[in-house]
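Start from the sequences, fold in the hints, and give me the full structure.
Listed in order, the protein sequences are those of chains A and B. The first sequence begins at 1 in this note's numbering and counts up one residue at a time. The second sequence begins at 1 in this note's numbering and counts up one residue at a time.
Read the hints as simulated data drawn from the structure, not as lab findings. Idealized CB from N, CA, C, for every residue including glycine.
Listed below are several chain A residues computed to face chain B (Cβ distance under 10 Å; list not exhaustive):
id	residue
1	248
2	259
3	312
4	329
5	334
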Amino acid sequence: MTANALNRPVYTLRQKLWQIHWLFVLLLVAVAGIGFAMLYSAAGPAAGEGSLDPWASRQMVRFAAGVVIMVAVALTNIRLWLRYSYVIYLVTLVLLAAVEFGGTAGMGAQRWINLGFANLQPSELMKIALVLALARYFHGGSADDVRRPLFVVPPLLMVAAPSALVLRQPDLGTALMLIIAGGAIFFAAGVRMWKFALVGAAAIGSVPVAWQFLHEYQRTRVLSFLDPESDPLGAGYHIIQSKIALGSGGMFGRGFMQGSQSHLNFLPEKQTDFIFTLLAEEWGLVGGLTLLGLYVLLLVYCFAISLRSRNHFGRLVGMGVTTTFFLYVFINIAMVMGLIPVVGVPLPLISYGGTAMLTLLFGFGLLLGVYVHRDMVIGRLGAEEDL
Amino acid sequence: MHSDSDRQKLFSRRAAMLAGGKFALLSALVGRMYYLQVIESARYATLAEENRINLRLLAPPRGRIVDRFGVPMAVNQQNYRVVLISEAAHDVDETLQLLGTIIPIGDGEKRRILREIRRRRGFVPVTVRENLNWEEVARIEVNMPDLPGVMIDVGQSRHYPHREDTAHVLGYVAAVSEAEIGGDPLLELPGFRIGKAGIEKVYDLALRGTGGSSQVEVNALGRVIREIRRREGQPGAEVTLTIDLELQKMVVRRLAGKSASVVVMDVHTGDVLAMASTPSFDPNAFNKGLSAEEWRGLVSNPMAPLTNKAIRGQYAPGSTFKIVVALAALAKGAITPETTFFCPGFLKLGNATFHCWKRGGHGTVDLAKGITQSCDVYFYETARRIGIDRIAAMARRFGFGRRLGLDLPGEQPGLVPTSDWKLATMDVPWQKGETLITGIGQGYLLATPLQLAVMTARLVNGGFAVTPHLTRNMAAADGTTPRPRPASLGVAAAHLKTVREATTAVVNSLRGTAYKARITEAGFEMGGKTGTVQVRRITKAERDAGVRKNEDRPWKDRDHAVFVGYAPVHAPKYAVAVLVEHGGGGSKVAAPIARDVLLEAQRRDAARPEAGPLFTRIPGPGAPAGRG
Chain A
1 MTANALNRPV YTLRQKLWQI HWLFVLLLVA VAGIGFAMLY SAAGPAAGEG
51 SLDPWASRQM VRFAAGVVIM VAVALTNIRL WLRYSYVIYL VTLVLLAAVE
101 FGGTAGMGAQ RWINLGFANL QPSELMKIAL VLALARYFHG GSADDVRRPL
151 FVVPPLLMVA APSALVLRQP DLGTALMLII AGGAIFFAAG VRMWKFALVG
201 AAAIGSVPVA WQFLHEYQRT RVLSFLDPES DPLGAGYHII QSKIALGSGG
251 MFGRGFMQGS QSHLNFLPEK QTDFIFTLLA EEWGLVGGLT LLGLYVLLLV
301 YCFAISLRSR NHFGRLVGMG VTTTFFLYVF INIAMVMGLI PVVGVPLPLI
351 SYGGTAMLTL LFGFGLLLGV YVHRDMVIGR LGAEEDL
Chain B
1 MHSDSDRQKL FSRRAAMLAG GKFALLSALV GRMYYLQVIE SARYATLAEE
51 NRINLRLLAP PRGRIVDRFG VPMAVNQQNY RVVLISEAAH DVDETLQLLG
101 TIIPIGDGEK RRILREIRRR RGFVPVTVRE NLNWEEVARI EVNMPDLPGV
151 MIDVGQSRHY PHREDTAHVL GYVAAVSEAE IGGDPLLELP GFRIGKAGIE
201 KVYDLALRGT GGSSQVEVNA LGRVIREIRR REGQPGAEVT LTIDLELQKM
251 VVRRLAGKSA SVVVMDVHTG DVLAMASTPS FDPNAFNKGL SAEEWRGLVS
301 NPMAPLTNKA IRGQYAPGST FKIVVALAAL AKGAITPETT FFCPGFLKLG
351 NATFHCWKRG GHGTVDLAKG ITQSCDVYFY ETARRIGIDR IAAMARRFGF
401 GRRLGLDLPG EQPGLVPTSD WKLATMDVPW QKGETLITGI GQGYLLATPL
451 QLAVMTARLV NGGFAVTPHL TRNMAAADGT TPRPRPASLG VAAAHLKTVR
501 EATTAVVNSL RGTAYKARIT EAGFEMGGKT GTVQVRRITK AERDAGVRKN
551 EDRPWKDRDH AVFVGYAPVH APKYAVAVLV EHGGGGSKVA APIARDVLLE
601 AQRRDAARPE AGPLFTRIPG PGAPAGRG
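Here it is as structure tokens:
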């Protein structure tokens with residue numbers, strides 16, 4: 001991907017840098033900053049104390065590395081992403097299959113690839129790869145094509161294959177996100193409403209069947225979600241303790257680093273999946289709404305960027321990334337507040353962990369790339385065109 | 001591009017719908033957040049506090065039990081135990097192995113320890129061994145650096161320093177049983193002990209005190225983070241007994257090897273100065289927990305070491321009961337001190353012959369001689385004249401036939417038979433012959449050594465219904481403010497004097513049955529009455545086989561030896577009852593014990609703070625207060 005390969009350079013690198021939506025990046029930094037503060041508090045050995053070790057400091061390094069990657073992705077010519085989207089998808093699918101089935105081939109139960117500063121899970125990468133592949137597919141279809149039922153079959157398979165693999169892991173949260181984000185692209189691409197209704201009906205019809213395939217612990221999670229008090233020290237423990245922490249936070253919270261639920265370890269996974277609870281306990285409703293406000297602002301920009309793009313690929317990629325981001329936010333917060341069952345989905349840019357951070361920043365990189373290349377017009381067959 | 005603008009319009013429309021959907025979902029999140037953090041906030045705040053705060057009970061120290069001079073009899077001892085905190089130990093097995101070379105740990109113990117470690121959380125100390133001695137503590141302390149996770153912990157355990165000597169009075173404490181739990185939450189504390197017998201049981205509530213509490217902040221694992229509030233409990237009250245520990249120990253020593261009981265009491269106040277029942281047991285063993293073997297040993301012992309014979313042993317009082325019969329007859333006017341009967345060695349009533357203990361007979365006997373020489377015929381005749389019901393009425397006045405209300409559990413009432421009683425329980429009318437044998441303290445009659453001591457006290461204290469008690473300071477705690485002065489029994493002082501003088505002669509006149517056991521020290525002389533209680537008649541067959549004497553018979557069939565006494569004779573202060581099970585004759589076995597006990601009690605009198613110097617207290621007539 002050297003400059004010589006680009007026979008039609010639209011912008012110079014410096015121009016592209018200027019085109020990056022820096023306000024958006026600033027918002028990301030702000031959200032990540034809140035995350036660092038929460039991780040600092042979560043690591044405190046006692047109430048009133050915080051610690052950079054072991055979480056906040058590492059998270060900062062990861063975020064910095066992620067931002068570099070994000071900018072690099074944003075500066076990459078969007079046609080390149082278009083051209084290689086299927087390749088990326090297929091490679092990711094193979095990796096996913098490899099870690100899935102490789103367990104017996106001596107790789108152990110390891111479902112990630114070590115990148116040094118973070119672990120890359122193929123299932124996370126798939127969240128991006130699927131968006132790219134679907135966007136390319138629908139980019140290549142006319143409005144008439146989209147109406148044909150058969151046209152929808154290949155992308156359905158594109159969604160189904162990785163979802164099935166991820167479900168096998170089993171990772172209900174990621175599978176859900178792949179399916180919903182995929183569905184959002186279908187929807188944005190203009191697939192008819194009745195088809196969604198059909199799939200929806202089929203999905204509901206298959207619930208009893210799916211139930212049989214769920215692991216025991218997944219079933220107890222669903223059941224304990226429906227009635228958490230039935231088993232307060234067992235499966236319902238997470239939800240009850242999380243709600244207690246949230247509720248006791250009240251309007252203004254118990255104060256930074258003063259959350260008794262989190263600091264006395266009543267709250268499980270406080271640095272990862274349940275970090276929103278920590279925030280809401282210590283900073284109250286005000287803190288929670290502030291973070292939610294920042295997320296909404298980011299989402300608004302996401303939509304704006306998607307709508308502004310003059311190429312369909314960019315729009316669909318934008319919508320896919322937007323939806324993925326939204327799903328992270330919604331599923332995580334709804335889960336810690338007891339609105340949906342506990343599925344392992346982290347809070348974007350806040351929860352401790354490199355994988356989701358990398359996925360998101362990679363996705364935002366694509367989105368920023370869509371913004372950078374917003375005025376580039378790419379024909380339906382653009383993937384085959386010369387760059 | 002036409003198609004692209006179509007697609008864009010569609011996209012924009014659909015994107016708006018998606019945005020709307022997402023906005024709706026995010027609104028739901030906000031709504032939920034508001035519900036949890038504002039509407040339900042108070043409820044969850046309470047739950048968070050409950051999560052965080054753990055109330056722990058603090059066991060109060062159990063009150064001491066001291067004797068009348070404040071000498072401790074039941075104390076709390078620091079109990080050193082070695083505990084293991086598994087999370088602090090690198091390798092539990094290795095640590096135990098090493099610890100096993102310092103203090104012995106049995107294989108069974110080791111299994112129990114490992115089981116407890118598995119069951120509990122890593123920071124909960126598991127007791128490895130209790131009751132370490134100083135040497136063991138020191139050895140462990142020295143090796144501490146090589147024993148990660150091992151700690152010496154100090155607890156409190158009840159200790160009875162005088163062991164067997166005070167067991168029946170003090171009782172013992174033991175772990176709370178399932179059935180006793182309820183009410184006081186202290187009882188549910190692991191390792192808590194409550195009184196199960198004796199003073200420990202009667203005054204358990206006072207001795208126990210009230211528990212304090214400590215509010216601690218705990219984390220989700222139950223580990224204590226810090227203490228928030230602490231409310232100290234009320235330590236248990238100290239119980240002061242009427243027992244004189246030195247006298248008590250002397251009495252127990254004197255009874256060594258016998259199955260016997262002795263009660264010493266103050267005839268005026270009712271203070272029980274010594275109460276012994278032998279053989280005894282070590283109450284400390286109950287605190288630690290008895291092995292099945294130890295328990296079997298205690299229960300199967302024919303001398304019943306667990307039974308306090310002073311209040312639970314019921315025996316026929318034998319000739320000591322003649323005191324009551326004499327007073328009943330004097331009160332009825334059936335006899336006067338001058339009335340004489342002739343004793344040929346037996347008395348015939350219908351077809352039956354009632355023997356006197358002296359085969360050859362006492363000849364002409366008056367009341368004084370009847371008591372002094374314990375003539376059975378005299379009392380057969382006296383009893384026959386007044387009838388069983390008058391004897392019973394007088395016996396009750398002297399404390400027989402009912403519980404005296406001593407502050408110990410398990411006091412037995414004894415039995416005073418009447419004609420109505422026999423008809424009611426046996427459906428057979430009272431027989432005249434039964435009156436006769438009751439007249440010499442045999443038959444259905446049953447009394448405890450305590451009742452015998454009380455009878456003696458009432459005889460010599462001027463006829464007052466003194467009742468026995470074991471504690472000096474607990475009356476107030478019970479709610480029954482200072483003990484009332486005992487009421488008069490309504491027995492004529494002249495009659496009391498007559499009988500008392502006769503009992504003085506029992507010991508101090510040459511012909512008295514207990515003359516050999518008299519106290520020779522001037523001013524310390526005792527009076528009393530002997531008794532020999534037949535447990536089983538010597539059968540014709542045995543007599544023919546040459547069995548005459550008590551010593552020839554198996555222990556179980558031998559007579560009980562009884563003696564009731566008091567001293568000093570000129571101003572009685574102490575009453576004593578001695579009962580030696582299957583000991584033989586009262587004069588030979590029981591009286592010498594009473595002599596030693598009464599002498600010791602009087603000698604110790606000078607040591608009593610409330611008493612003046614001995615020589616001013618007991619001015620012996622013509623004797624310069626002996627060894628005072």
